[in-house]
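Chemist: Let the sequences and hints guide you as you build the complete structure.
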Amino acid sequence: MDYQVLWFIIVGFLLTGYAILDGFDLGVGALHLFAKGDHDRRILLNSIGPVWDGNEVWLVTAGGALFAAFPHVYATAFSGFYLPFMILLFALIFRAVSIEFRSKEDMKGWRKFWDVAFSIGSIFAALLFGVAIGNVIMGFKIGSDMEYQGSFLDLISPYTVLTGVFNLIMFSMHGAIYLNLKTEGQLKERVKRWAFRAYYIFVPFYAITTFFTMLKRPEMLANFSFGLIEHIDEPHPLIAHNQIIVSVIAWIVVVLNALAILNIHRSLVKSKPLNAFVSSALMMMAIILFFALGLFPNMMVSNLSPEYNLDIYNSASSDYTLKTMFILACIGLPFVLGYTSIIYWTYRGVTKITDTSY
Amino acid sequence: MSVEDLSRLQFAFTAMFHYIFPPFSIGLGLLLVVFESLYYFTKKKVYEVITRFWIKIFAANFSVGVATGIVLEFEFGTNWATYSRFVGDVFGSPLAAEGIFAFFLESGFLAVLLFGWNKVKPGFHLFATMMVALGSIMSGFWIIVANSWQQTPVAYELVQDMNGFTRAVITDFWQVIFSPSSMSRFAHSIVGAFIQGAFLVLSVSAYFLLKKKHLEFAQKSFTIALIVAACASLLQPWVGHISAHVAYEHQPAKMAAFEGLYETQENAPMYLMGYVDEETETTHGIAVPGALSYLLSWDFDYEVKGLDQFAKEDRPPVNHVFQSYHIMIALGMFFIGITLLALFFRWRKSLFNKRWLLKLFVASVILPVIANQAGWYSAERGRQPWLVYGLLRTEDGISKAVSAPEVWTSLILFGLVYLLLLFVWLYVLNKEIKHGPESHAQMETDYRERHEQFDSLNESLK
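Note that the protein sequences, when read in sequence, are chains A and B.
The working numbering applies: residue 463 is where the first sequence begins, and numbers increase by one.
The working numbering applies: residue 87 is where the second sequence begins, and numbers increase by one.
Keep in mind that a hint or two might mislead.
[To be verified] With beta-carbon atoms standing in for the labels, derived distance ranges: (1) B:Ser123 <-> A:Leu724: 50 to 60 Å; (2) A:Leu615 <-> B:Ile498: 16 to 26 Å; (3) A:Gln648 <-> B:Cys317: 48 to 58 Å.
In short, the hints are calculated from the structure, not lab data.
If you're wondering where the values come from, they're calculated on a predicted model, not measured in any experiment.
Every residue, glycine too, gets a C-beta built ideally from N, C-alpha and C.
Modeler: Have a look at this one:
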């Protein structure tokens, strides 16, 4: 395995961490306005209070890793999708400061403003991530100079809107399940109902999104189709040489993913919120795995010509940098997992309002 | 305006706005460690009150810093894509390292700092405070490492990659980290941050002293911050001198612009204040003859390279750089003066009666912010017209896929949103300060007692 592949995995790992962790706090934000009354809203905010910032760092680090390991992808994507990224930035800014500022003042209008800012910021961020994933699946107008040649409107299509909404629903469900874990009493029952509702919307949307993905981009399956579906360009040697193993593993994950989805419902019914949360996290992990496997070894596909695809080789940094950074990542990531575990362990259990709460 | 101008304006605006907050975080972070250590070791309640109050201020500041910081990381890609392709190999690495080594540390332990009072043991809380302070300093370290490579690029080779794109590739990672300017610039910025954080504490404490409120709190906060501010202010000229020296060695055009020196000369003067006429290429003002030569080499006869050594298109905008550089130095001198004076009165035990001096401290909070901004501005503007010094011009680094209307849109939005943020941040800060620290009586039980209760609760749960 070469360093390019390792970095594809590391960036994927960071984005998976981001999706699972910030996924639930974006979900909590998306649901925020459904909570009535100041006390409930404070509980919601404080349930993510100690962890949201650390969750967002996964995105920041993924951005840095992309810059270091695959600068061409970073440059093409960020400059090509200028306005969506700006909207995402404003969404993240408003979200971040809303959490801090909301409870600093008692006035109704003040709290209302930050409640709305927090929720809209979260909803937009969740939608935009989904739209971005949808676009990566559909491919872009990337020219021979590696620059994006389309416009803002090219990024919005029925399919990408579908993936955006799908992501919002998935995060909302994930958030509701998280809240179910962190609350007690009546509020716990209420957020559990939200989780069920989100689940019933999520399942058909999952089916529809999968259906349209297969319809529009059957080659997303090529890497794990036992060689039945033809690749658009050369498959990576790792895939080509291990076609059967990769396919078998992928299909096992498909089955496990289905079980995880069923287990979300089962655990909610049986009032085992932690179980439901773990299932939901595993489900997201599986979705990202399919997406990464469907794309590999490309990172951005060009609709103009497969020659212009940005893959893990033509977009990567030098081997020396990839190697050095890999060593740094090996030193750093255990620490990251360490602090993350300490923090989640420290703040385990039900959220309560105290004198240090928001 | 062209995409280049707009992108430069946007980056300058968003970077300078962001740069209001991290120095406060770094400076306050250090003071929090001092305050909480005093609490931990002396067990005096007033230090708990002090620590808790400043943590609240720290939190409000930190959140705006985080929110505006992520913007900058995105902007390298959105507005400076060609630059990103060129330097990804070199610049991306410290940026990623900042994420892995600094941000996770900072954000993780921040949770303990803010919400951990009733959850963790006092020793662990102190440890978390130290980790947050360390994280914010490390984050400064990595970002300055990245920036310093742009100022003094080393340990790279220019290669054409398989797409026919020329880019800088690292040949030695450690040399990139310790590029000629990185350590001196890091030290200079961090000391500047300590001054900025300490002056915030000084200002608020002086305000309480003038209002005759929270006196014990204010006197202790003031004294500790004063010591930090005085030490940092005294250290700064020395660190700054080294930094200027490195700039001269590696970016002589920048140094010449700092001092408005057009003509290469021996016995080069140093201006206390002045003004550069870029049309006639002359500098007017009050100068100390020979001082620049002397400071750069300890020899009045040393020949200093002037701007005449550089083609017109390779010179930075001289007057802007000159002014910001001199504002920084003048303010630096002021910090030394005012802190030494205050220390003297403190030693004479008459400081807290000197209302005029306290008033001056209340107002002075803005000055280190200006000094840090001016320093950053002269460093960055002085690098022009280069994006990477001597390697890549600013005009060649912009994104090709971005149009002017797009940047206009984002620039206007940043203007509006940041104005709102600034307003809200000041409002919240003002409210927290007006509210003041919790008085001793208001805190029902001692932290350690509460902690014992918490422990016994834990026991009973087992």
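Chemist: Hints the structure violates: just list their numbers, smallest first.
Modeler: Going through the list in order, the structure violates no hint and respects every one.
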